[in-house]
Amino acid sequence: MKIEEIRSLNIDEVQQKLLELKAAYFNLRFRHETGQLDDTSMLKKTRRDIARVKTVLSEHKALRNA
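Residue numbering for the sequence shown follows this note's numbering, starting at 4 and increasing by one per position.
It is possible that some hints are incorrect.
Claimed, not checked - Label-pair distances were calculated between CB atoms; the ranges are:
no.: 1; residue 1: T37; residue 2: E7; range: 34 to 42 Å
no.: 2; residue 1: N68; residue 2: I6; range: 17 to 25 Å
no.: 3; residue 1: E62; residue 2: Q39; range: 33 to 41 Å
no.: 4; residue 1: A65; residue 2: E16; range: 15 to 23 Å
no.: 5; residue 1: N68; residue 2: T37; range: 42 to 50 Å
no.: 6; residue 1: A69; residue 2: G38; range: 43 to 51 Å
no.: 7; residue 1: N13; residue 2: Q39; range: 32 to 40 Å
no.: 8; residue 1: R67; residue 2: D41; range: 37 to 45 Å
Stated by the list, open to error - Below, computed lysine to aspartate or glutamate pairings styled on EDC-like, alpha-carbon distance capped at 16 Å:
no.: 9; residue 1: K57; residue 2: E7
no.: 10; residue 1: K20; residue 2: D52
no.: 11; residue 1: K47; residue 2: E36
no.: 12; residue 1: K64; residue 2: E16
Think of the hints as simulated: they come from the structure by calculation, not from any bench. Heads up, the beta-carbon is just placed ideally off N, CA and C, and yes, glycines get one too.
Using the sequences and the hints given, assemble the complete structure.
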């Protein structure tokens, strides 16, 4: 997911996306530990998406406090 796509969402949608990504990351980690995950690059991609979403959330927070 690109950062522009995340920025186009409203704050509630961004928070919901963060919850979805965290759940997906947990599932990927679980599958990786049990040997069921074939594409381990998905771990890195999901972790980066979580970071992007958190960045946008902190931008929203900074704009509200400014």
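Structure-based check of each hint:
no.: 1; hint: T37 with E7: 34 to 42 Å; in the structure: holds, 35 Å
no.: 2; hint: N68 with I6: 17 to 25 Å; in the structure: holds, 21 Å
no.: 3; hint: E62 with Q39: 33 to 41 Å; in the structure: holds, 36 Å
no.: 4; hint: A65 with E16: 15 to 23 Å; in the structure: holds, 18 Å
no.: 5; hint: N68 with T37: 42 to 50 Å; in the structure: holds, 43 Å
no.: 6; hint: A69 with G38: 43 to 51 Å; in the structure: holds, 48 Å
no.: 7; hint: N13 with Q39: 32 to 40 Å; in the structure: holds, 35 Å
no.: 8; hint: R67 with D41: 37 to 45 Å; in the structure: holds, 42 Å
no.: 9; hint: K57 with E7; in the structure: holds, 13 Å
no.: 10; hint: K20 with D52; in the structure: holds, 10 Å
no.: 11; hint: K47 with E36; in the structure: holds, 15 Å
no.: 12; hint: K64 with E16; in the structure: holds, 15 Å
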